[in-house]
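**Q** So the sequence lines, in the order shown, correspond to chains A and B. Note that the first sequence ends on residue 130 in the numbering used here; no numbers are left out. Note that the second sequence ends on residue 121 in the numbering used here; no numbers are left out.
A portion of the hints provided could be inaccurate.
Lysine-lysine pairs mimicking DSBU-like chemistry, simulated, CA-CA at most 30 Å apart [stated by the list, open to error]: (1) A:Lys117 <-> B:Lys78; (2) B:Lys77 <-> A:Lys117; (3) A:Lys75 <-> B:Lys10; (4) B:Lys60 <-> A:Lys117; (5) B:Lys77 <-> B:Lys62; (6) B:Lys20 <-> B:Lys10; (7) B:Lys78 <-> B:Lys64; (8) B:Lys25 <-> B:Lys64; (9) A:Lys117 <-> B:Lys25; (10) B:Lys60 <-> B:Lys77; (11) A:Lys117 <-> B:Lys10; (12) B:Lys25 <-> B:Lys60; (13) A:Lys74 <-> B:Lys10; (14) A:Lys74 <-> A:Lys117; (15) A:Lys117 <-> A:Lys88; (16) A:Lys117 <-> B:Lys64; (17) A:Lys75 <-> A:Lys88; (18) A:Lys117 <-> B:Lys62; (19) B:Lys10 <-> A:Lys77; (20) B:Lys78 <-> B:Lys62; (21) B:Lys60 <-> A:Lys88.
Calculated from the structure, these hints are not laboratory results. Note that the coordinates shown come from a computational prediction; the quantities given were computed from them, not determined experimentally.
Spelled out from the first residue to the last, the chains are:
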Amino acid sequence: TQLLEQSPQFLSIQEGENLTVYCNSSSVFSSLQWYRQEPGEGPVLLVTVVTGGEVKKLKRLTFQFGDARKDSSLHITAAQPGDTGLYLCAPRRIQGAQKLVFGQGTRLTINP
Amino acid sequence: DVKVTQSSRYLVKRTGEKVFLECVQDMDHENMFWYRQDPGLGLRLIYFSYDVKMKEKGDIPEGYSVSREKKERFSLILESASTNQTSMYLCASSSPARPPYEQYFGPGTRLTVT
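Just need the whole structure built from these sequences, with the hints factored in.
**A** This is the structure in structure tokens:
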């Protein structure tokens, strides 16, 4: 069983601040997805990263896949209340695998 | 607009009852999944179905069964509900023909077993 750790588990910051959350493992992954789950809803895919060292930007969100493909980070610039939610990483060990293993998530609260 | 719907948002059942959770997707996806979500534990896979009448156990199948008689519908069955099955249940679907194999989720069913 792969060990997958997301940190921090909880984060509460003020609007306008920057933040970074992490997804770490000792296993190598073929790809990794980040999902966001808003209160009362199911998770929604934000991004998929595939190549070691890859950086993808989605407006104020920057996702990075580690060079060794064992970890990933999500950086949010100038956080807004609409960024509030549970951020889940979901790596794939095998390319094309249909099942995902989800981390326990980072619960982010942005205070106005 | 793609959609995964779940039969109930909230459900309260008594210990020992048989419980059915229904999930329907309108995207013609081959894969369907049932997860349970508990604080601090993330999403844990209960069962996975990759085709009609085909299923695979996930990480925590004990106490659950599933049924997939039609492509668009995937049911989770709790044969005899217990209090430790109180949880949020999420259904998802995806297609193996569409990388990056995004999973589309329903809004969840919050089940309380008393």
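**Q** Against the earlier hints, flag every one the structure doesn't satisfy and list their numbers going up.
**A** Number 21 only.
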